[in-house]
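Undergrad: Given chain A's structure and the hints, the job is docking chain B onto it.
Protein chains in written order, with UniProt numbering: chain A, 1 to 222; chain B, 1 to 222.
Hints were generated in silico from the structure; no laboratory data involved.
Careful, some of the hints might be misleading.
Subject to a maximum C-alpha distance of 20 Å in a straight line, what follows is the list of computed EDC-like cross-link-like pairs (lysine to aspartate or glutamate) [said to hold, decoys possible]:
hint: 1; chain 1: B; residue 1: K154; chain 2: B; residue 2: D95
hint: 2; chain 1: A; residue 1: K159; chain 2: A; residue 2: D182
hint: 3; chain 1: A; residue 1: K154; chain 2: B; residue 2: D206
hint: 4; chain 1: B; residue 1: K213; chain 2: A; residue 2: D180
hint: 5; chain 1: B; residue 1: K55; chain 2: A; residue 2: E51
hint: 6; chain 1: A; residue 1: K77; chain 2: A; residue 2: E64
hint: 7; chain 1: A; residue 1: K213; chain 2: B; residue 2: D178
hint: 8; chain 1: A; residue 1: K159; chain 2: B; residue 2: E64
hint: 9; chain 1: B; residue 1: K77; chain 2: B; residue 2: D95
hint: 10; chain 1: A; residue 1: K213; chain 2: B; residue 2: D182
Residues on chain B that point at chain A, a partial pick, calculated with CB under 10 Å [said to hold, decoys possible]:
hint: 11; residue: Y157
hint: 12; residue: Q184
hint: 13; residue: D206
Note that beta-carbon positions come from the ideal geometry of N, C-alpha and C, so glycine has one too.
Protein chains: 2
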Amino acid sequence: MSVLYRLLKARQLVKNGHSFYVSSVPKVTEEHRLARREQIVAAARVCMNAEGFHKTTMADVIRESQLSAGAVYGYFKSKEEIVAAIAEDALSTVDELFENLLASDEPLTPLAALEATVDQVVRVAGAPAGDVTRIAVQAWAEALRNEEIREIAKGKYCKLRGHFLVIARRAQADGTLDPDVDPQHVAQVMFSMIPGFVLQRLLIGDVTPATYKAGLRALLRS
Amino acid sequence: MSVLYRLLKARQLVKNGHSFYVSSVPKVTEEHRLARREQIVAAARVCMNAEGFHKTTMADVIRESQLSAGAVYGYFKSKEEIVAAIAEDALSTVDELFENLLASDEPLTPLAALEATVDQVVRVAGAPAGDVTRIAVQAWAEALRNEEIREIAKGKYCKLRGHFLVIARRAQADGTLDPDVDPQHVAQVMFSMIPGFVLQRLLIGDVTPATYKAGLRALLRS
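For reference, chain A alone in the conformation it holds in the complex:
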């Protein structure tokens, strides 16, 4: 696979008129590469939303992406790798959100962090390539049957929960949360609000950021 990958990459570079050598790849090629990767991930999201996570094959993704099999395999060796990329893309926007939240000097409450996260989930779900939260719910089920998906989900969700852990510690330092509680336990409960919101939004359909944030404000200490 590695030799094939390098050959394909070299061919692509030659075809694009850029240098054959990876060490001197100009910036435009890296942009091109990112755009192609995005094209494949978007195609996978379309397939998974239309056909279901389980039924979607690499062949479906290749067809939808309108790239060659070699091009797609040059970026992703398996459906599992694409799933990891979909999760990474969706959650990287949440990473940025938490960076911004933590950059503020204002006292930061778990409530404020959760309100911002719920808004972000709905923004991410509304992306043109289809609702990524529908793929997430299917990935949860798949994770129970497929060890590789489980490891991906576990890694991504531990990272997301890690953000809530930082918020809990910050709230303890700011005096908005009991300093004697294990912040890991608080992070577990904060994390729950996100899949709980996603699930009700998809299965019941009457939950919006406005209703949910009103519930959060009533229920959580502030």
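TA: Coordinates of chain B only, in the frame set by chain A:
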């Protein structure tokens, strides 16, 4: 199907030596019927936990139950009906829990109701026929692709959320929750704690009732 069902039922009653007429079925037959139903539901849980929700067929359930196809179809016409029964059995224990909670004259907080529910989830998950929460997660995914499963999930979860709604109203009456908030919105957030707990328990594995309840106590108003 209805005629076949009645024929099978009649045959079973004759074989058991009881009256042919449904209107005069003695109590032992109703018990026998409930035991058979339980046998089928338990077989389905075993299959779904071993093979996955999606892959499990009626043929698998029939084989695992060690009953005839006619007997099984006499109770459940489809996998969807069995799923509804699994959900009903699991959630009926939660119905009882809420009845008991609401029967008390003590002031009732959302926190206390959630703590009791988390304990109950773990009790139900530990049943001998296999962890029903693993089936629930798979049913969430299936609900996005199968309208019938979606309606079952929606109905069951609206009922569970209805319990939290009653708790929220009671807490407003008791003065432990802001009376100006829409209790439906509070119920949405309370409901979230359950799938959020289940998911972390299955995918990450480090969440226990003890850690989660500690997080709830720190985060929720009391």
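Undergrad: With reference to the structure, classify each hint as holding or not holding.
TA: Hints, verified against the model:
Simply put, K154(B) and D95(B) have alpha-carbon atoms about 16 Å apart, close enough for the 20 Å limit, and the pair holds. At roughly 18 Å between alpha-carbon atoms, K159(A) and D182(A) fall within 20 Å of each other, so this suggested pair holds. Restraint check: the Cα-Cα separation between K154(A) and D206(B) comes to about 11 Å, which is no more than 20 Å; the hinted pair holds. Between K213(B) and D180(A), the direct Cα distance comes to roughly 14 Å. Compliance with the 20 Å bound is thereby established for this hinted pair.
At most 20 Å may separate the alpha-carbon atoms for a hinted pair to count; K55(B) and E51(A) meet this at roughly 16 Å. Among the hinted pairs, K77(A) with E64(A) is consistent with the structure: their alpha-carbon atoms are about 17 Å apart, no more than 20 Å. A threshold of 20 Å between alpha carbons decides the hint, and for K213(A) with D178(B) the separation of about 14 Å falls inside it, so the pair holds. With a C-alpha separation of about 40 Å, the suggested pair K159(A) and E64(B) falls outside the 20 Å cut-off, and the hint is violated.
The hinted pair formed by K77(B) and D95(B) fails the criterion: a straight-line CA distance of about 26 Å is larger than 20 Å. Between K213(A) and D182(B), the direct Cα distance comes to roughly 11 Å. Compliance with the 20 Å bound is thereby established for this hinted pair. With its C-beta approaching chain A no nearer than about 6 Å, Y157(B) sits inside the 10 Å limit, and its interface hint holds. This hint holds: Q184(B) has a C-beta 7 Å from the nearest C-beta of chain A, less than the 10 Å allowed.
With a least beta-carbon distance of about 8 Å to chain A, the hint placing D206(B) at the interface is held under the 10 Å criterion.
In this structure, the earlier hints numbered 8, 9 are contradicted, and the remaining ones agree with it.
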